[in-house]
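These protein sequence lines are chains A and B, in that order.
The first sequence begins at 1 in my numbering and counts up by one.
The second sequence begins at 1 in my numbering and counts up by one.
No lab work stands behind these hints, which were simulated from the structure alone.
Please note: incorrect hints may appear among the correct ones.
Said to hold, decoys possible - Pairwise CB distance ranges, derived in the manner of DEER restraints:
| no. | chain 1 | residue 1 | chain 2 | residue 2 | range |
| --- | --- | --- | --- | --- | --- |
| 1 | A | A311 | B | T383 | 28 to 36 Å |
| 2 | A | E382 | B | R314 | 47 to 55 Å |
| 3 | A | A254 | B | Q167 | 57 to 65 Å |
| 4 | A | P300 | B | T288 | 23 to 31 Å |
| 5 | B | D308 | A | I93 | 36 to 44 Å |
| 6 | B | N267 | A | G169 | 42 to 50 Å |
| 7 | A | P163 | B | E345 | 21 to 29 Å |
| 8 | A | R291 | B | D181 | 42 to 50 Å |
| 9 | A | A311 | B | R18 | 38 to 46 Å |
What the hints assert, rightly or not - Derived SDA-like pairs: lysine to any residue, alpha-carbon spacing no greater than 25 Å straight-line:
| no. | chain 1 | residue 1 | chain 2 | residue 2 |
| --- | --- | --- | --- | --- |
| 10 | A | K307 | A | D83 |
| 11 | A | K307 | B | D181 |
| 12 | A | K307 | A | G317 |
| 13 | A | K307 | A | R183 |
| 14 | A | K307 | A | H64 |
| 15 | B | K307 | A | E345 |
Unchecked claim - Selected chain A positions facing chain B (in silico; Cβ < 10 Å):
| no. | residue |
| --- | --- |
| 16 | L150 |
| 17 | D214 |
| 18 | A218 |
| 19 | A328 |
| 20 | A352 |
| 21 | R357 |
| 22 | G371 |
| 23 | P381 |
Glycine included, each C-beta is placed from N, C-alpha and C at the ideal position.
Number of protein chains: 2
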Amino acid sequence: MVALDRPTLRLNPNQGRRLRAGTPWVYSNEIAMQPEYRQFPPGGLVAIEGDDGTRFGTFMFNPHSLIAARRLDRDPAAMIDADWLRGRLREAIALRERVCDTPFHRLVHAEGDRLPGLIVDRYDDVAVVQANSAGMDLLTPLLVEAITALLPLRAVVARNDSPARRQEGLAENVALLVGEDARAEVTEGGVRFPIDPLGGQKTGWFFDQRPNRDRVAALAHGARVLDVFSHVGAFGLRCASSGAREVTLIDSSAPALAQAEAAATSNGLAGRMQIRRGDAFDTLAALTGERFDLVICDPPAFAPSRKDADAGLRAYGRMARLAAPLVAPGGFLFVASCSHHAPLEAWSAQIAQGLHRARREGRIVFTGGAGPDHPVHPHLPETAYLKAQLIQLL
Amino acid sequence: MVALDRPTLRLNPNQGRRLRAGTPWVYSNEIAMQPEYRQFPPGGLVAIEGDDGTRFGTFMFNPHSLIAARRLDRDPAAMIDADWLRGRLREAIALRERVCDTPFHRLVHAEGDRLPGLIVDRYDDVAVVQANSAGMDLLTPLLVEAITALLPLRAVVARNDSPARRQEGLAENVALLVGEDARAEVTEGGVRFPIDPLGGQKTGWFFDQRPNRDRVAALAHGARVLDVFSHVGAFGLRCASSGAREVTLIDSSAPALAQAEAAATSNGLAGRMQIRRGDAFDTLAALTGERFDLVICDPPAFAPSRKDADAGLRAYGRMARLAAPLVAPGGFLFVASCSHHAPLEAWSAQIAQGLHRARREGRIVFTGGAGPDHPVHPHLPETAYLKAQLIQLL
Numbered sequence: 001m002v003a004l005d006r007p008t009l010r011l012n013p014n015q016g017r018r019l020r021a022g023t024p025w026v027y028s029n030e031i032a033m034q035p036e037y038r039q040f041p042p043g044g045l046v047a048i049e050g051d052d053g054t055r056f057g058t059f060m061f062n063p064h065s066l067i068a069a070r071r072l073d074r075d076p077a078a079m080i081d082a083d084w085l086r087g088r089l090r091e092a093i094a095l096r097e098r099v100c101d102t103p104f105h106r107l108v109h110a111e112g113d114r115l116p117g118l119i120v121d122r123y124d125d126v127a128v129v130q131a132n133s134a135g136m137d138l139l140t141p142l143l144v145e146a147i148t149a150l151l152p153l154r155a156v157v158a159r160n161d162s163p164a165r166r167q168e169g170l171a172e173n174v175a176l177l178v179g180e181d182a183r184a185e186v187t188e189g190g191v192r193f194p195i196d197p198l199g200g201q202k203t204g205w206f207f208d209q210r211p212n213r214d215r216v217a218a219l220a221h222g223a224r225v226l227d228v229f230s231h232v233g234a235f236g237l238r239c240a241s242s243g244a245r246e247v248t249l250i251d252s253s254a255p256a257l258a259q260a261e262a263a264a265t266s267n268g269l270a271g272r273m274q275i276r277r278g279d280a281f282d283t284l285a286a287l288t289g290e291r292f293d294l295v296i297c298d299p300p301a302f303a304p305s306r307k308d309a310d311a312g313l314r315a316y317g318r319m320a321r322l323a324a325p326l327v328a329p330g331g332f333l334f335v336a337s338c339s340h341h342a343p344l345e346a347w348s349a350q351i352a353q354g355l356h357r358a359r360r361e362g363r364i365v366f367t368g369g370a371g372p373d374h375p376v377h378p379h380l381p382e383t384a385y386l387k388a389q390l391i392q393l394l
Numbered sequence: 001m002v003a004l005d006r007p008t009l010r011l012n013p014n015q016g017r018r019l020r021a022g023t024p025w026v027y028s029n030e031i032a033m034q035p036e037y038r039q040f041p042p043g044g045l046v047a048i049e050g051d052d053g054t055r056f057g058t059f060m061f062n063p064h065s066l067i068a069a070r071r072l073d074r075d076p077a078a079m080i081d082a083d084w085l086r087g088r089l090r091e092a093i094a095l096r097e098r099v100c101d102t103p104f105h106r107l108v109h110a111e112g113d114r115l116p117g118l119i120v121d122r123y124d125d126v127a128v129v130q131a132n133s134a135g136m137d138l139l140t141p142l143l144v145e146a147i148t149a150l151l152p153l154r155a156v157v158a159r160n161d162s163p164a165r166r167q168e169g170l171a172e173n174v175a176l177l178v179g180e181d182a183r184a185e186v187t188e189g190g191v192r193f194p195i196d197p198l199g200g201q202k203t204g205w206f207f208d209q210r211p212n213r214d215r216v217a218a219l220a221h222g223a224r225v226l227d228v229f230s231h232v233g234a235f236g237l238r239c240a241s242s243g244a245r246e247v248t249l250i251d252s253s254a255p256a257l258a259q260a261e262a263a264a265t266s267n268g269l270a271g272r273m274q275i276r277r278g279d280a281f282d283t284l285a286a287l288t289g290e291r292f293d294l295v296i297c298d299p300p301a302f303a304p305s306r307k308d309a310d311a312g313l314r315a316y317g318r319m320a321r322l323a324a325p326l327v328a329p330g331g332f333l334f335v336a337s338c339s340h341h342a343p344l345e346a347w348s349a350q351i352a353q354g355l356h357r358a359r360r361e362g363r364i365v366f367t368g369g370a371g372p373d374h375p376v377h378p379h380l381p382e383t384a385y386l387k388a389q390l391i392q393l394l
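Between the sequences and the hints, there should be enough to build the whole structure, so can you do that?
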């Protein structure tokens with residue numbers, strides 16, 4: 001990829017305000033789109049300049065995407081090769097060495113690590129790569145070269161089946177890129193959990209909630225715990241491992257609960273864990289009269305897209321209204337949202353309303369998001385999708 | 001205080017939407033103000049009902065305050081006595097027993113602990129009380145009775161000299177209420193710091209930043225650290241204690257720096273700490289060319305009131321622009337705001353803009369606020385005044 005071959009796209013007149021302010025994205029309507037641009041290979045490298053000639057750097061360009069260009073480098077002539085990727089990866093690794101205490105974490109968090117659309121999760125010596133932009137799809141071979149040069153990896157997997165990929169017009173692609181066996185195990189707070197990155201389901205251990213699991217597990221000793229929308233039971237397993245008296249997991253997915261059950265057994269926690277399959281809302285309603293010291297509600301995204309935003313927000317309120325009565329006085333409710341279209345203020349107002357409708361008073365002990373292995377680009381605060389609150393009910 | 005003697009105030013027609021939704025405050029324009037209400041003693045107890053007869057509970061009423069009534073209890077006939085206060089305090093203590101690992105913390109956080117306007121900080125066996133509402137001023141003797149019955153306190157101090165008090169029309173009042181000597185010592189992360197709650201200055205150890213100090217100190221080993229707006233040097237002392245190579249404190253207050261210097265000496269950290277008096281903005285500008293591994297900017301409120309909001313927000317941006325060039329590549333910038341009138345989104349946009357103007361890229365590793373000993377009422381999210389970001393610069 002020689003910089004001299006790189007086409008230069010121009011912005012429309014008076015566009016580029018966000019770029020000038022520091023945002024690394026260009027929307028398609030900001031570009032003075034020429035017919036030939038439409039023929040550019042999705043994800044190819046371009047330089048972008050303003051109609052006044054200001055040069056904004058090197059971008060990956062996808063003519064079929066709403067976010068048409070994503071900045072890789074402020075230098076319009078930057079060579080984007082394995083060396084360049086090694087530099088970015090070194091920075092990503094260096095951050096995790098400072099803020100993570102185990103080799104189980106998100107190693108690359110897309111724009112937060114100046115690698116637009118690229119996600120890499122690390123399970124010690126196994127890396128799982130998601131390329132959510134056409135450009136990162138093209139760069140994957142170079143990335144594999146760079147990452148295996150920097151870390152002692154036994155296996156690298158491409159796990160390209162996210163909704164974000166479909167929005168970019170990219171095909172699904174799940175493959176073992178390096179190594180012979182990608183199966184791995186997460187160790188977190190005393191719990192061991194098997195990971196199969198090539199399995200039929202996506203990896204069930206979400207690193208973004210790691211600090212929140214620490215926070216919740218610290219309250220679990222001796223507690224009766226309800227983990228609704230438990231998925232594979234990460235919160236519940238951590239609570240049981242931290243000395244919870246009794247943990248009930250509820251989820252609608254039989255395969256997720258089967259993984260939870262296997263992990264409960266292999267961690268010697270099965271005696272204190274109950275696993276119930278069912279619709280979370282129905283089960284919350286059916287549990288009326290029960291009291292738990294700790295109730296965890298970490299649902300799938302209720303507002304994954306803009307059109308779902310209102311209904312999704314209301315669903316969080318309904319969840320809080322149904323969960324609050326199950327919390328013993330002095331107990332804790334943990335709620336989270338991974339919806340991109342549920343801004344913190346509106347979301348927490350819904351949670352507050354849910355508590356009020358349940359006629360419960362409470363106090364927010366913690367509000368926050370993902371851990372430090374999920375860094376956020378300063379000009380893209382909206383990409384910090386995870387919100388969480390820990391609320392003590394009175 | 002007999003509930004039967006309690007006057008009942010009515011809301012204006014169609015008012016009470018926020019009360020009905022769960023907010024514990026009533027603004028003066030919401031109340032159907034009768035001439036005699038103006039004569040009520042500030043802080044006296046009232047019941048409040050809607051024009052439809054809905055009863056909202058027991059409130060403290062101050063006819064001279066914009067927030068005219070603050071809810072104490074949902075029961076309109078609740079007896080507000082030492083027993084009642086003991087109940088609320090028990091809840092406050094129980095929370096801290098769950099989430100704090102030392103007896104140095106905020107013990108009562110006003111509405112977050114359902115004690116409107118009341119702040120109590122605990123320095124082991126010394127409690128420092130601030131009554132920021134007329135009602136809590138009246139209740140202070142009962143409060144002292146209740147708190148000394150629950151905790152083994154050697155001294156209780158009233159430290160009533162906050163701006164919030166002036167807004168309520170209350171006089172300043174700093175007094176030793178219980179005991180003979182209120183001097184105490186905070187121990188935090190290996191640092192010991194003397195506290196004199198009756199001293200000329202306010203207590204310089206702010207508990208709200210405790211978890212942020214933990215976070216920053218964890219990055220300090222071997223680092224060259226700059227602590228701007230250092231006040232008594234809490235961040236810098238923690239960094240030095242955590243193995244920083246060199247810590248520079250900058251503040252404009254000679255008395256604050258004198259306390260910092262004494263603490264550096266008594267903690268055996270003076271050899272690695274430099275203390276410089278000066279205007280923070282000027283000093284940041286004058287340090288051009290220097291590089292630090294960690295720069296901390298925890299200024300006093302730039303936007304304490306609504307009229308300062310715009311200028312205050314811009315000051316945070318200027319601060320970030322001046323601080324960013326001093327951070328070594330791969331180093332960290334910690335910024336905070338204790339302004340009530342700097343909402344997170346607008347504030348973090350200013351920080352991002354400051355970095356961009358300094359031509360530095362970065363990634364936000366942490367966004368958050370005060371620790372769990374500063375609980376927030378679910379319907380008063382705006383009272384969570386403290387915002388903080390930890391940003392790695394590249």
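Each hint tested on the structure:
no. : hint                          : result
1   : A311(A) - T383(B): 28 to 36 Å : holds, 29 Å
2   : E382(A) - R314(B): 47 to 55 Å : violated, 23 Å
3   : A254(A) - Q167(B): 57 to 65 Å : holds, 58 Å
4   : P300(A) - T288(B): 23 to 31 Å : violated, 50 Å
5   : D308(B) - I93(A): 36 to 44 Å  : holds, 43 Å
6   : N267(B) - G169(A): 42 to 50 Å : violated, 60 Å
7   : P163(A) - E345(B): 21 to 29 Å : holds, 26 Å
8   : R291(A) - D181(B): 42 to 50 Å : holds, 45 Å
9   : A311(A) - R18(B): 38 to 46 Å  : violated, 24 Å
10  : K307(A) - D83(A)              : violated, 41 Å
11  : K307(A) - D181(B)             : violated, 62 Å
12  : K307(A) - G317(A)             : holds, 18 Å
13  : K307(A) - R183(A)             : violated, 38 Å
14  : K307(A) - H64(A)              : holds, 21 Å
15  : K307(B) - E345(A)             : holds, 23 Å
16  : L150                          : violated, 16 Å
17  : D214                          : violated, 13 Å
18  : A218                          : holds, 8 Å
19  : A328                          : violated, 12 Å
20  : A352                          : holds, 4 Å
21  : R357                          : holds, 9 Å
22  : G371                          : holds, 9 Å
23  : P381                          : holds, 6 Å
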